[in-house]
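Student: So the chains spell out like this:
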Amino acid sequence: MTYVSLSNFDLVIAAGLLLINGALSLAFRLGLERSLAIAAVRMVVQLGAIGFVLRFIFAQTSPAWTVALALVMVIAAGREVWARQTNPFKGWWTYGLGTSTLLFVGILGTVFGVAGLIGPEPWYAARFILPIMGMMLGNALTGVSLALETLTATARRERTAIEARIALGDTRLQALQEALRQALKTGTMPIINAMAASGIVALPGMMTGQILSGVDPVEATKYQLLIMFLIAGTTALGVLIATFGGVYLLTDERHRLRLDRLAG
Amino acid sequence: MLRVEDLTVPGLAPISFEVGAGTCLVIQGPSGSGKTLIMRAMADLDPVNGYIYVQGREREEMSGPDWRSLVRYGAAEPGWWAPVPRAHFEADAQVDRVVVALGLPNTALDRPLTELSTGERQRLALIRTLSGNPKVLLLDEPTAALDKTSADLAEELIKFQLRSGKAVVLVTHDEGQALRLADQWLILRNGSGKVFRR
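Top to bottom, those sequences are chains H and E. The first sequence begins at 1 in our numbering and counts up one residue at a time. The second sequence begins at 265 in our numbering and counts up one residue at a time.
To be clear, the hints were calculated from the coordinates, so they are not data collected in a lab. You may find that some hints are simply not true.
To be verified - Label-pair distances were calculated between CB atoms; the ranges are:
no. : chain 1 : residue 1 : chain 2 : residue 2 : range
1   : E       : L443      : H       : A263      : 40 to 48 angstroms
2   : H       : A37       : E       : R350      : 28 to 36 angstroms
3   : H       : R258      : E       : D447      : 28 to 36 angstroms
4   : H       : L30       : E       : A340      : 39 to 47 angstroms
Said to hold, decoys possible - Rough simulated footprint, nothing fancy, chain E against chain H, three-plus residues with beta-carbon under 8 angstroms:
no. : region
5   : 155 to 164
6   : 168 to 177
7   : 187 to 197
Please read all numbers here as calculations on a predicted model, not as lab measurements. Note that the Cβ used here is the ideal one computed from N, Cα and C, for glycine as well.
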């Protein structure tokens, strides 16, 4: 099999499908036209830019470029966690918690997967590290955002019940047990659903990409399975760290509920 | 038993008072005068300045949960975190007896909370506040939603707690109840609090 190159005209034709989204928004007065336009332009600019950036970095021999781009990805992902919260923690706390969690699980999952399992030569080769780290971060970001949003929203909604437990002498972990469980469940649900649907409802993106570029489907499946396991593990770890971190930020050392630390 | 020194809550000048074992302090004042804020501060539910001692120990000398096991707060709007009341209590046969003593049906502990009236839930919340072995009870309008008979039974339960040596701080708008239970009053008015003894 050979790789079939896409022309820019092909992309313009495909972009025309966004008119369906626009028409939907106008027909039902969803008011999403502006968001749709911004998101589409962002996607084109970001993906277009990353194509050139990756081509440049893949041509370099120093791992410093790889580390630099990986850090930019983590910082952007941390900002995304913050931006997805209805009531983030005041100050830099949400950003700090999201970024540090994603940095930890991103490095852990990527190094384990690339150096420990795939084993390219050298193991820090940018064309392995960056795409795999991107997949780890993208999925962990979704899980962490959902978990933190669920935790803070549940704590606000269930304030009376949580404070009743605290007043009876419960610790913060006991009092926030239900919010914590909800957050863990919500945060890990997308990856569980994605695993369950893989191969039947949809061929995952990476596998599709490999097949389109001529890789044997069975080989592509092995890679996809490896990636899904890595994503599931790192997302669960990220959700766990962020949720417990969130519980500690939502309470203080005297186990008081501190909703005043949330913005809005 | 309970000693409060220079307790500062938002909107009120620093307050000091003492409540001995087996005695009751009633806090009264108009809505929004800070009664609940004082109760929450004593239960260490909000960060405030000032010193609070129970049996000679300041709250900072022990963990928050340990403090709240000694100084038990029953909110005016009780919170519930499980579908049935019994899940909110430690396994204790005495709870069933107190439920009946407060005029509740003996099935009240096992019926869904959504099927119980406001008054029934309030009485159950009062029993929950008394459970364990707290030394100080902070009761925020514990009989506000009760009819006269139920309120009298709840009042008897509070008197029993006083007789057993507990210190009680009570917020109530019921003047008769205040007169029957109070050994001293903390009256909040115009941003300050003043203590009166019987």
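Student: Do at least three Cβ atoms from the region 155 to 164 of chain H come closer than 8 angstroms to Cβ atoms of chain E?
Tutor: This one holds; 7 residues, not fewer than the three required, reach chain E with a Cβ under 8 angstroms.
Student: Count the residues of the region 168 to 177 of chain H whose CB lies closer than 8 angstroms to any CB of chain E, then report whether that count reaches three.
Tutor: Held - the region 168 to 177 of chain H has 4 residues with a Cβ nearer than 8 angstroms to chain E, which meets the minimum of three.
Student: Per the hint of 28 to 36 angstroms, is the separation of the Cβ atoms of R258(H) and D447(E) within bounds?
Tutor: holds, 35 angstroms
Student: Mind checking the hinted window 40 to 48 angstroms against the Cβ distance between L443(E) and A263(H)?
Tutor: holds, 46 angstroms
Student: For the region 187 to 197 of chain H, does the count of residues with a C-beta closer than 8 angstroms to a C-beta of chain E reach 3?
Tutor: Our answer is that it is violated, as 0 residues pass the Cβ test (under 8 angstroms) against chain E, missing three.
Student: Given the range 28 to 36 angstroms, decide if the beta-carbon distance of A37(H) to R350(E) lies inside it.
Tutor: violated, 56 angstroms
Student: Does the beta carbon distance between L30(H) and A340(E) stay inside 39 to 47 angstroms, or does it fall outside?
Tutor: holds, 43 angstroms
Checked against the numbered hints given earlier, the structure breaks hints 2 and 7 and satisfies all the rest.
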